[in-house]
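Residue numbers (my numbering), protein chains in the order written: chain A, 1 to 658; chain B, 1 to 164.
These are computed hints drawn from the structure, not numbers from a lab.
It cannot be assumed that every hint is accurate.
If the Cβ cut is set under 8 Å, some of the chain A residues that face chain B in the computed set are [as the list claims (entries may be wrong)]:
hint, residue
1, A359
2, G367
3, I392
4, F393
5, T580
All residues carry an ideal CB built from backbone N, CA and C; glycine is no exception.
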Amino acid sequence: MAEIGHFALILALGVAIAQAVLPVIGYVRRDQRWLAIGVSGAQTQFALIVLAYGALSLAFVYNDFSLVYVASNSHSALPLIYRLSAVWGAHEGSLLLWVLMLTGWGFAVSLSSRRLPSDIAALVLATMGSISVGFLLFMLFTSNPFERQFPVPADGRDLNPLLQDPGLIIHPPMLYMGYVGFSVAFSFAIAALVTGKLDLAWARWTRPWTTTAWLFLTMGITLGSWWAYNELGWGGWWFWDPVENASFMPWLVGTALIHSLAVTEKRGVLKSWTVLLAILAFALSLLGTFLVRSGVLVSVHAFATDPARGVFILAFLTLVLGSALLLYAWRAPKLVSDGAVELMSREGLLLLNNVFLVAAAAAVLIGTLYPLVIDALGLGKISVGPPYFNAIFLPLMMPLAVLVGMSAKVGWKRARLRDALWSMRWVGLTSLICAVLLPFVLERSWAWLAMFGTLLAVWVMIGSLLDVIHRVRSKRDRWAALRSVPLGTWGMTMAHLGLGFWTLGVTYAGLFSVEKDVRLGPGQSAEIGAYTFTFQGTQHSEGANYRADLGTVIVERNGRPIATLHPEKRLYPSQGSVMTESAVDHNPRRDLYVALGEPIGESGEWALRLYYKPFMRMVWFGGLMMFLGGIAAASDRRYRLERRVPNPVAAAATQAAT
Amino acid sequence: MTKRQGRMMWVGALLAGIAVAAALGFTALRKNMMYFYTPSDLVAQTAPKHARLRLGGLVERGSVQRGDGLLVSFTLADCAQSVKVRYEGILPDLFREGQGIVATGTVGNDGAFTADEVLAKHDENYMPPELASSLKTADGKHSCAPFKSVNGNVASAAATAGTR
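If we strip away everything but chain A, and leave its shape as in the complex, we get (with noise of 0.2 Å):
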């Protein structure tokens, strides 16, 4: 089963090649027949990297630990759900979900080409088809998960146990299907730069499919936040880890992406930029791969400590972007010819938008990339801390939450700023008037940081629904009116709105959080403000390959019980390793987090961790409706109107073609 897994990797190499190189034949030649290829070499492609992603699936399913792979990262005594989920458990395998999910877009791409000159949908698909060669190369060289083994080990050594955990299953998955799919946007942004169609049509083009990237990375980058939480954090939920950073950048300039392309469907200016953001987004997402995949990090992902693999995805990464940047560089000016921007109008807003985007996400990979600068060039081994993003980050984020609560109340093409603001006065007072009471109101404190946070959550959170509150006042019939708001506005103010919750969520756990590391025997209690935690002790527990000290607390507020938690210490024997699992009381308000230390002594003392955090859980929703904003904004209808309206124009042309 394996060798066919590996056979079909050989063949989908072959045929991505010929997707690459074909197409391209056929558009200087003006061949119809050899453009096609770039469909059926898609739908051919994914076809066979379903063949081989499903014999590594069944190899773990049946436990054949002649696979090296399988052998390193499954156990007889693993749960189904993770072996499935330990086929991307290490470098290989994940690898391997990585091709999956980009020949899965050139298979949805192949889908609606029809709708497509078939010129662009041959050069987006050649596109792809290089990249995938790419990776394929990489695989097949570097890193086959079908390796043999001799002699057959009896029983394999187990998925790190970190990765045993539901948020784990659809993590990598989902980070992956929005890295990835920048591939997408990127192909568009060459085959525009190529064909030298830059107009409305190719942004309207690229929009959901940027969109849907865009969606899967929020609710990806999300997911792992909240495992983190959970599994390994010790209560922290974003750690400006180098990994972390390299899907936060490429959601950044993601962001940043889909904004831009929202001006150019809808004023025809900023093309340029939106092409080169277009061109970093998937750079980003490819430098990721470069600094999770090499070793180079010390990082929890970092699996692979193999340089071979990290020069091969460096210079991969080199060929890509130089090459991008040189076709844009010699294309980008002849085709572009932007009109001017007001800065004081929507999409000049936007474009300010865009700036405090792109820095942060600057800033953020200069924080992460100068620790490796600094090492390459021997000057000694640095790293960079928290502190630095922080003071980084969020002043950058600050302008951004304003600019975004103005947005409905800026036009297009020319604005005054007077009237802007002035029609938001309403809404300005009453997040004012929040800003003052609710950190009082919630937790005692006057601390003008959270004032500022909480103003800026209200004022994004109402000048978000605004857009829909215009749409409907003005009509007599509400309710049709309510049902007659496009989904791309939908999409819009619920994303906004999820920035609001998110902000909310930052400042209040950020600024509120209680921790507390304390020693208890069993009957002995801590107190966090209100609440009493009380240590039972511990019992000994089996898991199905793992055995546990599982520990009782009891939560009591104001001497009434209100939860019991249990957190566990596991400790997984086939490879030898401790897990800490911590237990959660959990509520839209606030988080009551407790984790397991280690023992201390011989009376049943134990090191605990307790927390109280407010509105832990809304940073997680932030990031939940932007993912469900993501979704409406991708399926709006006018994005699904264009299909069997062909292009004339290119109709006209391949016709001539041909």
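Following the hints, complete the assembly by docking chain B onto the known chain A.
Only chain B this time, still in chain A's reference frame:
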């Protein structure tokens, strides 16, 4: 003010903004950079006192002592020197004697290291790359294999050597 002047003003404001942002960024970067040191560096006093830094080494066998509450102290060593480390808090799951760890904190006047964070990585055989390379000798091998057996527990060192 002509249109051109207006535009120049915007460009100037933008440039000034970028300059301020870059200046702030690099100050923040410099302030939050932490260098990595080994116990030998600390003993040789090449490390700055009272500055936050990262210290990597192996936890000496038999050196871990518990105090009141969550106070704990242990000795962190490389092949040549060792430093006493104090820490109050929860030690990571993979903190064990004989294991490589990285501690973040400051050096006090008495030469002891006060850690506010202790990191150990997830794999038993894992060693932070900074630590691994600082423990390497000129011939590229780990020089700390003898260190482990010298500090007691010869049997376990031999056992680990045997399984490799």
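These are the hints, each one checked on the structure:
no.: 1; hint: A359; result: holds, 6 Å
no.: 2; hint: G367; result: holds, 7 Å
no.: 3; hint: I392; result: holds, 5 Å
no.: 4; hint: F393; result: violated, 10 Å
no.: 5; hint: T580; result: holds, 6 Å
Of the hints listed earlier, the one the structure fails to meet is number 4.
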